[in-house]
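> In the UniProt record's numbering, the protein residues as written are 1 to 201.
If you're looking for bench data, these hints aren't it; they were derived computationally from the structure.
Misleading hints may appear alongside valid ones.
What the hints assert, rightly or not - Mimicking EDC-like on lysine to aspartate or glutamate, the simulated pairs with C-alpha atoms at most 20 Å apart in a straight line are: (1) Lys-116 <-> Asp-171; (2) Lys-184 <-> Glu-159; (3) Lys-97 <-> Asp-168; (4) Lys-121 <-> Asp-154; (5) Lys-143 <-> Glu-159; (6) Lys-116 <-> Glu-104; (7) Lys-111 <-> Asp-168.
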Amino acid sequence: MELSTNTEDFPETQEKTSDVSNRIRSPIRPVRETIIENYRLRFQTDSSKNINPYKAEPKKPVKKANPYVLGLNRYSFRTARDEAQKARKWLMVNVVKSTKSGLEQNRNVWKNKNVKDLVSKDFILWRVNQKNPYGKWYEQFYKPVEFPYVAILDPRTGEKLQVWHKMDPSDLLKCVEDFLLDYKNLWDRSEEEDYNEENSE
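Starting from the given sequences, assemble the full structure and let the hints guide the process.
As structure tokens, this is what we get:
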């Protein structure tokens, strides 16, 4: 006996087939887009972008309106060293504590006319906030443990020569004067050392 395969002969089957075809959705239209993002940029934090003071940075000219002060947090340590070498001066570093009183105290000191006159002659002043990426780098490398913090560095070598924790104008003036008695002007001193070495040979 031959079996019929025609659905018309089986009304129930025809009804089920119709229900299934009604439930089948139309194909999803293809979409073209980037599904893998740049994971390196996603996981790169702001601090990791800026923490390295030797990383190439946009060249921004140092404002000459107040040439002895490099604006707070505006320049990297490398820029400060380069400016000090170019000006043939010592590099003075002021790490600013991130408190209202600390910021006010620092502003009052560096605006003092006597401090400004004395410091501007032989120093380039680099001021950085403790929580700024440049400040964090300085803390990791030079490890200041007490605030207020003022240090004097040789810009040619990065050697730390003196550290103070006094931010009263009269105290700071005394510290700077004592330093200049012990250390002549940076370039006069180096030229004198070269002269002594040549004559001793």
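> None of the hints should be skipped; say for each whether it holds.
A quick look at each hint next to the structure:
Restraint check for Lys-116 and Asp-171: satisfied, since their Cα atoms lie roughly 14 Å apart, inside the 20 Å limit. Straight-line distance between C-alpha atoms of Lys-184 and Glu-159 comes to about 16 Å, which keeps the hinted pair within the 20 Å bound. Annotation: proposed proximity of Lys-97 to Asp-168 holds, straight-line Cα distance about 15 Å (limit 20 Å). For the suggested pair Lys-121 and Asp-154, the alpha carbons sit about 16 Å apart, so the restraint of at most 20 Å is met.
Among the hinted pairs, Lys-143 with Glu-159 is consistent with the structure: their alpha-carbon atoms are about 13 Å apart, no more than 20 Å. For the hint pairing Lys-116 with Glu-104, the CA-to-CA distance comes to about 16 Å; that is within 20 Å, so the pair holds. Note on Lys-111 and Asp-168: the hinted pairing holds, with a Cα-Cα distance of about 12 Å set against a maximum of 20 Å.
In this structure, every one of the numbered hints holds.
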